[in-house]
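Per UniProt numbering, numbering of the sequence shown is gapless, rising by one per residue and ending at 138.
Treat the hints loosely; a few may be bogus.
[Claimed, not checked] Using 30 Å as the maximum straight-line C-alpha spacing, the simulated DSS-like pairs for lysine-lysine come out as follows:
| # | residue 1 | residue 2 |
| --- | --- | --- |
| 1 | Lys39 | Lys49 |
| 2 | Lys78 | Lys113 |
| 3 | Lys78 | Lys127 |
| 4 | Lys126 | Lys75 |
| 5 | Lys113 | Lys127 |
| 6 | Lys6 | Lys50 |
| 7 | Lys75 | Lys55 |
| 8 | Lys126 | Lys106 |
| 9 | Lys106 | Lys50 |
| 10 | Lys127 | Lys87 |
| 11 | Lys126 | Lys22 |
| 12 | Lys106 | Lys87 |
| 13 | Lys7 | Lys87 |
| 14 | Lys50 | Lys7 |
| 15 | Lys50 | Lys78 |
| 16 | Lys75 | Lys7 |
| 17 | Lys6 | Lys94 |
| 18 | Lys94 | Lys127 |
| 19 | Lys22 | Lys127 |
| 20 | Lys106 | Lys6 |
| 21 | Lys94 | Lys126 |
| 22 | Lys127 | Lys84 |
| 23 | Lys75 | Lys113 |
| 24 | Lys55 | Lys113 |
| 25 | Lys7 | Lys84 |
| 26 | Lys127 | Lys27 |
| 27 | Lys127 | Lys75 |
| 28 | Lys22 | Lys49 |
| 29 | Lys50 | Lys94 |
| 30 | Lys39 | Lys27 |
| 31 | Lys113 | Lys6 |
| 32 | Lys22 | Lys106 |
| 33 | Lys39 | Lys87 |
| 34 | Lys27 | Lys126 |
Please keep in mind that the hints were generated in silico from the structure rather than gathered at the bench. Model, not experiment: these values are computed from the prediction.
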Amino acid sequence: MEKETKKILIVEDDTAILDIYKTVFGKFGFEVESASSGKEALSIIEGIKKGESEKPVIVLLDLILPDMDGIDLLKAIKSNDVTKNIKVFIMTNKESIGSELPEDMKPDEFIVKANVTPIDIVELVKKHIGNKILNPKP
């Protein structure tokens, strides 16, 4: 029986926020891979496309990155056959984004960071992967 992956990729340039997400998701048993820039995230995505890296179940993607727009990274993920089915959650403090995006390029969730806690995001991820049994480790 194949092991169900619980790997997530978090793309966030704010290291304090990234550390919090890594800690919280780790407590819930997720394997967390992280990138603090768009370029670093693209490198990880390229590794997935080539079969060098395990595909995450979800990418948590900050919209505003220091070196590229998160929408461009979203398009890179959604435009490739290997990665197009990875769920992508856009995280930002903007109230709306890219309504002009084609349906197949839209994120699976749009999260306004100021309105949610890290636990809320974990619960949303659990809902999307259909795994209700992930509980925090002591």
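So, going through the hints one by one against the coordinates:
1. Lys39 - Lys49: Holds, at about 15 Å.
2. Lys78 - Lys113: 22 Å, holds
3. Lys78 - Lys127: 21 Å, holds
4. Lys126 - Lys75: 24 Å, holds
5. Lys113 - Lys127: 18 Å, holds
6. Lys6 - Lys50: 20 Å, holds
7. Lys75 - Lys55: Between Lys75 and Lys55 the Cα gap is close to 17 Å, so the pair holds against 30 Å.
8. Lys126 - Lys106: Cα-Cα ~20 Å, so holds.
9. Lys106 - Lys50: 24 Å, holds
10. Lys127 - Lys87: 12 Å, holds
11. Lys126 - Lys22: 15 Å, holds
12. Lys106 - Lys87: Holds, because 10 Å separates the two Cα atoms, which is no more than 30 Å.
13. Lys7 - Lys87: 12 Å, holds
14. Lys50 - Lys7: 17 Å, holds
15. Lys50 - Lys78: 15 Å, holds
16. Lys75 - Lys7: 21 Å, holds
17. Lys6 - Lys94: Judged against 30 Å, a Cα distance of about 28 Å means the pair holds.
18. Lys94 - Lys127: 23 Å, holds
19. Lys22 - Lys127: Measuring from Cα to Cα gives roughly 19 Å; hence the hint holds.
20. Lys106 - Lys6: 22 Å, holds
21. Lys94 - Lys126: The hint holds at about 24 Å.
22. Lys127 - Lys84: 19 Å, holds
23. Lys75 - Lys113: Holds - the C-alpha atoms of Lys113 and Lys75 are around 21 Å apart, at most 30 Å.
24. Lys55 - Lys113: At roughly 25 Å apart (the allowed maximum being 30 Å), Lys113 and Lys55 satisfy the hint.
25. Lys7 - Lys84: It holds: about 16 Å lies between the C-alpha atoms, which stays within 30 Å.
26. Lys127 - Lys27: 17 Å, holds
27. Lys127 - Lys75: The given pair, whose Cα atoms are some 24 Å apart, holds under the 30 Å limit.
28. Lys22 - Lys49: Holds, at about 24 Å.
29. Lys50 - Lys94: 33 Å, violated
30. Lys39 - Lys27: 28 Å, holds
31. Lys113 - Lys6: Holds: Lys113 and Lys6 sit about 22 Å apart, inside 30 Å.
32. Lys22 - Lys106: Judged against 30 Å, a Cα distance of about 25 Å means the pair holds.
33. Lys39 - Lys87: 20 Å, holds
34. Lys27 - Lys126: Holds - the C-alpha atoms of Lys126 and Lys27 are around 13 Å apart, at most 30 Å.
In the structure shown, a violation is registered for the earlier hint numbered 29 alone.
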